[in-house]
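There are 2 protein chains.
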Amino acid sequence: MSDQLFARLRDQILTGEIAAGDPLPSERDLAADYGVNRHAVREAVKRLQQCRLIEVFHGGRTRALDWRRTAGLDLVVDVPGTLDAVSVPGVVHDALEMRACIGADAARLSALRASEDQRAAIVAAAAAYAEVGEDLEELSVADVAWWRLIIEGCGNLAYLLSFNSLVDGAITMEQASPELRSAELLDLDAHRELADRIARQDAAAAEQLARELLNRSVARADG
Amino acid sequence: MSDQLFARLRDQILTGEIAAGDPLPSERDLAADYGVNRHAVREAVKRLQQCRLIEVFHGGRTRALDWRRTAGLDLVVDVPGTLDAVSVPGVVHDALEMRACIGADAARLSALRASEDQRAAIVAAAAAYAEVGEDLEELSVADVAWWRLIIEGCGNLAYLLSFNSLVDGAITMEQASPELRSAELLDLDAHRELADRIARQDAAAAEQLARELLNRSVARADG
DNA sequence: GGCAAGAGCTGGTCCAAACAGTTGACCAGT
DNA sequence: ACTGGTCAACTGTTTGGACCAGCTCTTGCC
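Residue numbers (this note's numbering), protein chains in the order written: chain A, 1 to 223; chain B, 1 to 223.
Treat the hints as calculated values from the structure; they're not laboratory data.
The structure displayed is predicted, hence computed values, not measured ones.
For every residue, glycine included, the Cβ atom is placed at its ideal position computed from N, Cα and C.
Don't take each hint at face value.
Unchecked claim - Ranges between beta-carbon positions, derived for each pair:
(1) A:Gly133 x B:Arg61: 31 to 39 Å
(2) B:Ala127 x A:Asp202: 22 to 30 Å
(3) A:Asp22 x B:Arg192: 51 to 59 Å
(4) B:Arg61 x A:His39: 18 to 26 Å
(5) B:Gln49 x A:Val132: 29 to 37 Å
(6) B:Gly35 x A:Glu131: 51 to 59 Å
(7) B:Asp33 x A:Gly133: 47 to 55 Å
(8) A:Arg68 x B:Glu134: 51 to 59 Å
(9) B:Gln49 x A:Leu188: 33 to 41 Å
(10) B:Gly35 x A:Arg192: 54 to 62 Å
(11) A:Asp187 x B:Glu193: 37 to 45 Å
(12) A:Asp29 x B:Leu186: 33 to 41 Å
(13) A:Leu112 x B:Gln49: 35 to 43 Å
(14) B:Glu193 x A:Val123: 38 to 46 Å
Starting from the given sequences, assemble the full structure and let the hints guide the process.
Written out as structure tokens, the structure reads:
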């Protein structure tokens with residue numbers, strides 16, 4: 001119940017139907033309008049508040065914020081397609097572009113900082129990647145796990161959390177039509193080569209190849 | 001009430017006091033233990049769920065997730081110091097490093113994509129920056145607004161939302177001790193030069209200078 | 001006209017109850 | 001001894017109503 005109300009209000013704010021600064025209906029009105037209990041409304045409102053989509057004033061009215069200035073990256077995490085189709089066109093391209101930016105720097109830093117065990121794990125994962133087969137669904141999962149190793153290797157928590165947001169959210173759309181990624185996913189040589197460059201601690205070369213790999217998805221999303 | 005309970009449970013999960021897979025106490029028990037109403041507990045639980053720190057099963061027990069694999073970037077947005085001091089040391093360094101990564105690429109893309117108006121706004125902001133004075137608090141605010149213009153110029157929503165998360169969260173810690181940043185904030189020439197490179201649409205040069213500027217904060221956080 | 005008391009909104013908290021799904025123990029059969 | 005179903009005791013979900021606390025605008029007095 002509260003989930004549906006949350007999604008509905010969120011979309012109204014994201015689309016501008018409720019503009020920044022506008023007051024939301026009171027909790028009692030929302031409960032009456034949507035035929036739910038006020039406690040369900042409060043749960044939805046709390047979540048909107050945590051997304052920094054609204055501002056709540058005790059005694060006053062709850063108002064929509066300018067989400068472009070306040071909301072965080074977790075906004076893109078949701079039912080695949082909702083944001084891109086309904087509210088914010090182009091968010092998939094943006095998420096892929098950001099993944100490329102983060103992933104390339106993570107590859108660089110991983111080459112510099114990853115422990116011996118972590119580098120070995122990356123090499124092993126690249127080798128195991130060839131065993132996955134050609135099922136694109138499984139390849140996608142393996143691909144995400146592979147990048148996660150690289151990002152964990154660089155030891156930056158912010159990169160890791162961003163990756164979670166991007167993978168759980170918009171990028172899952174891409175998994176829904178994985179044929180778009182088949183070329184990238186099947187490029188076993190590139191995976192092995194990137195693992196090798198990280199293992200050799202050649203930061204610049206690792207960054208370059210990672211960027212090249214990830215930018216393919218961006219280009220594919222554009223075309 | 002629910003905010004306090006949320007923060008408490010969140011810290012217990014982040015510190016590992018409640019490990020991944022462990023069940024949380026039932027809502028009724030939590031309400032009794034902390035002396036609050038069950039609805040307050042439910043609001044806190046809903047927020048934890050949205051942060052992807054827990055998984056809720058109707059009829060079953062609520063369990064903690066492995067937040068390193070599921071949580072999003074918005075986790076770093078909180079009362080300044082909580083995460084770094086209590087739960088996750090080093091998150092400020094990580095956030096600054098990520099800001100450098102994002103900011104540099106945004107500067108590059110801004111040089112490529114920003115409209116004429118946006119480029120003019122960036123140049124104007126760089127000029128106006130000199131008028132702010134030497135109050136470090138105000139300079140910090142102006143600095144954030146300045147980078148926001150660049151990130152808006154690149155037109156990537158994911159970058160913008162990430163910037164919001166980073167600025168609202170961990171980086172506000174830095175503002176608490178702005179003397180650390182004074183050298184960077186007072187570097188008017190670098191600001192003007194970066195604006196100029198974006199205005200000239202010299203993407204590579206803009207990226208390089210932006211990275212140089214932002215990496216100073218990272219280096220300062222390290223030292 | 002200016003100011004203060006109050007009514008009528010807003011969100012914040014609480015109690016109590018019924019609903020719905022899961023789990024596990026228990027007992028009747030094979 | 002094992003299998004199968006039943007039931008009671010959990011879990012989260014939703015509802016209703018009541019009251020407190022803070023803001024705002026109206027009202028009415030000075």
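Please test the hint of 31 to 39 Å on the beta carbon pair from Gly133 of chain A and Arg61 of chain B. Check passed, 36 Å falls within 31 to 39 Å.
Distance restraint evaluation - Leu112 of chain A, Gln49 of chain B, Cβ atoms, bounds 35 to 43 Å: holds, 36 Å
Evaluate the given range 54 to 62 Å for the C-beta pair formed by Gly35 of chain B and Arg192 of chain A. holds, 58 Å
Given the range 47 to 55 Å, decide if the beta-carbon distance of Asp33 of chain B to Gly133 of chain A lies inside it. holds, 49 Å
That 51 to 59 Å hint for Asp22 of chain A and Arg192 of chain B (C-beta), does it hold up? violated, 38 Å
Take the C-beta atom of Arg68 of chain A and the C-beta atom of Glu134 of chain B, compute their distance, and say whether it sits inside 51 to 59 Å. Roughly 30 Å apart at Cβ, these two residues miss the hinted range, so it is violated.
Between the beta carbons of Gly35 of chain B and Glu131 of chain A, is the distance compatible with 51 to 59 Å? At roughly 55 Å between Cβ atoms, Glu131 of chain A and Gly35 of chain B fall inside 51 to 59 Å, so the hint holds.
Val123 of chain A and Glu193 of chain B - C-beta distance against the hinted 38 to 46 Å: For Glu193 of chain B and Val123 of chain A the Cβ distance comes to about 42 Å; the hint holds.
Pairwise beta carbon distance, Gln49 of chain B to Leu188 of chain A, judged against the given window 33 to 41 Å: holds, 38 Å
Is 37 to 45 Å respected by the C-beta to C-beta distance linking Asp187 of chain A and Glu193 of chain B? Holds, since Asp187 of chain A and Glu193 of chain B (Cβ atoms, about 39 Å apart) stay within the stated range.
Does 22 to 30 Å hold as the CB distance between Ala127 of chain B and Asp202 of chain A, or does it fail? Distance hint for Ala127 of chain B, Asp202 of chain A is violated at roughly 42 Å.
Using the beta carbons of Gln49 of chain B and Val132 of chain A, state whether their distance is inside 29 to 37 Å or not. About 32 Å separates the Cβ atoms of Gln49 of chain B and Val132 of chain A, which means 29 to 37 Å holds.
In terms of the numbered hints stated before, the structure departs from hints 2, 3, 8, 12, listed from lowest to highest.
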